Each structure stands twice: as C-alpha cells, then as structure tokens.
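A.B. asks: Residue numbers for the sequence shown follow my numbering, so the first one is 24 and each next one is one higher.
Since the hints were made in silico from the structure, they are not lab data.
Among the hints, a few may not be true.
To be verified - Dumping the calculated DSSO-like pairs for lysine-lysine here, alpha-carbon to alpha-carbon at most 27 Å:
{"#": "1", "residue 1": "Lys292", "residue 2": "Lys106"}
{"#": "2", "residue 1": "Lys159", "residue 2": "Lys238"}
{"#": "3", "residue 1": "Lys136", "residue 2": "Lys342"}
{"#": "4", "residue 1": "Lys202", "residue 2": "Lys159"}
{"#": "5", "residue 1": "Lys157", "residue 2": "Lys238"}
{"#": "6", "residue 1": "Lys307", "residue 2": "Lys292"}
{"#": "7", "residue 1": "Lys307", "residue 2": "Lys238"}
Just so you know, these numbers come straight off a predicted model, no measurement behind them.
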Amino acid sequence: MPLTRRAALALAAAPLAAPALAQSAGDFPNRPLRMVIPFPPGGGSDILGRLLAQRIGDAIGQPVVPENRSGAGGNIGTDAVAKAPPDGYTLVTVFNTIVVNQFVFRSMPFDLKRDLAPIARVALAPTVIAGGPKLKARDLAEVVAISRAQPGLLNHGTPGLGTITHVSAELMDSMSGGKLTHVHYRGTGPAVTACVAGEVELVSAPWSAVEGLVKGGQLRALGNLAAQDSPLMPGVPTVAQAAGLPGYAVDNWGAVLAPAGVPPAILAKISEAVRQAVDTPEGKAAMAARGIEAAWADGPTLARIIEEDGARWEPVIRKADIRVE
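Turn these sequences into a full structure, and let the hints steer you where they fit.
C.D. replies: Here it is in structure tokens:
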C-alpha cells in the first residue's frame, strides 16, 4: 500500500526525535519552572514548598514559581503534576501524607509509583504529641495507662481524618493496646487551637506549629514522634522512650517529585539543584529557621522510603478502618 504524504513526512521526521530530546535536555532549563504545593498557603507544606522554590531556582538558574493547588489531602495538586508534560518544568512538594492517601482514599486519581518520579527527600518536619490545659496526666506514659484503663476517655485532636498525625496516633493505640478518641479538625491550626482551649486533651502537630505555645506554657510537649531526638526539640523525648513503646517511629518527611517519564538527564539536573538547595550549610540554616530539618536523600532512596512507609501504614489504616470518600 503506498504511503500517504502525511505518513511519509512522519517517517522522515522520526529519526530527528531522539536528537531533539537530547538537545532539549542539554538546554534545560530555558524558562521558569513551576512548583506545585498541594496544600493551602500558610501551613508547613507551603512554607517548605516556597523555600524550595526559591533555593532551587537560585541553584538551577531559572525562577521556580510556587503554586498552591489544594484539596483532597494533597491529591488534587499532586494529580495535576502527575498529568503534566514530563519535561521537568513542573514539580511538586509533598509530605508523606501522600503515601497514607493510597490506603485512606477509596479511589485515587493517580498511582504514586507509576505516575510520579521521585527526585529527592528534602526534609524532616519534627512532629510532637502535646498536652493541653485539660490534660491531667503528667507524661505520655500516664496517657497510655489511661488509654488502656479507660479506652476513649482522652480526646486527641488531629488536622483531619487520615492525615499522618491521625494515623500516627492510631499506630500508638495499636502498639500500646489503648484507645484515644480522635477528633478531626480542618487543619493543624484549628486542632492546635482546640487543644489550647481545652476542647481536647491532646494534639499531634509539627513542632513549627506549636513551638511558641510550648515555650509559652499553653501546651506541654510529651513526645517526639520520630525515631531519634530532634535538635529542634531539645529535651523532648521520643514517643518510644516516653510511652515505653520500643520501635515506635514516625518520620514526617517532605520530598520533591516530578511527572513520570522526565528524561534522565533532566531529572539529574533537577536532583542536583535540589541537593544544592538543601544539603548545604546555607540550606540547612534556612530550613532550621522555619522549624524544618534538612534531610536530603536521592531519588532511589526516596523510592525505598515510599515503599517502606507503605508497608508500615497499610496494616495500621486497615485495622483502624480509616476511609475517606
């Protein structure tokens, strides 16, 4: 069958595709990038995303424009990036809530492992469980004892159903054999405010959201959720130590992802810019000033962290029957 003129032109152009892609990788970036922040302005994700946009832009030689696209626990903004052209010009700042979402939401608009490329883990956000003025227990060991003896008596404020702080408290329940009543608010701010006001006895929140209240005496820091002591929270024991729960550890990490299919040469350029933005004395100081620990790890390491977190959280979420429509 003879070739049509359009088919002949397509075949003639095909050998040019690979050199064109190589040239675009060599020129990258030649215009501004976009950093999607899948949460509203003002929160920890927004603070991290805007700082990364500024510092990555300085490192890569082009502006990186932050864009808030919030909703559905971060799924809306992340989905927009998963469906963006895989040219390296669209990135997203995520926290490990994105791993939890796979098991919490009944349907997901994207596949985390298939549709997104891990560039780097960039940060750890120290997270604390704190007690408000209504809490009579002196420490976390007493909180656990009460939750065992009187299940459901103590109320724990969370920033929303299925958030990382919610499932971290469910993990504590599961490991301790106790039960807290989890009260879900619309964001970290309202949950913290409710604890200070005495609506709930406990709240879990990023240290950056409660540091001033702890230092001012309105809240008591009872336990650091992470595996190790945080230099940003001196004197605050880990939950494993304070509650007597060996093996309890929740690292609240932040990362940068891109759409799957970005050419490896472009991914390498972005990864190096992210490393320069985070893994330097200046980057670490800038993040510490905002209550965030710089914790850079490369793409393959991030992929392994995502896999390990999924294995950790799926059984906890299934056991607690946490579901978001």
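A.B. asks: Check the structure against each numbered hint from earlier and tell me which ones fail, lowest number first.
C.D. replies: Violated hints: none at all, because every hint is consistent with the structure.
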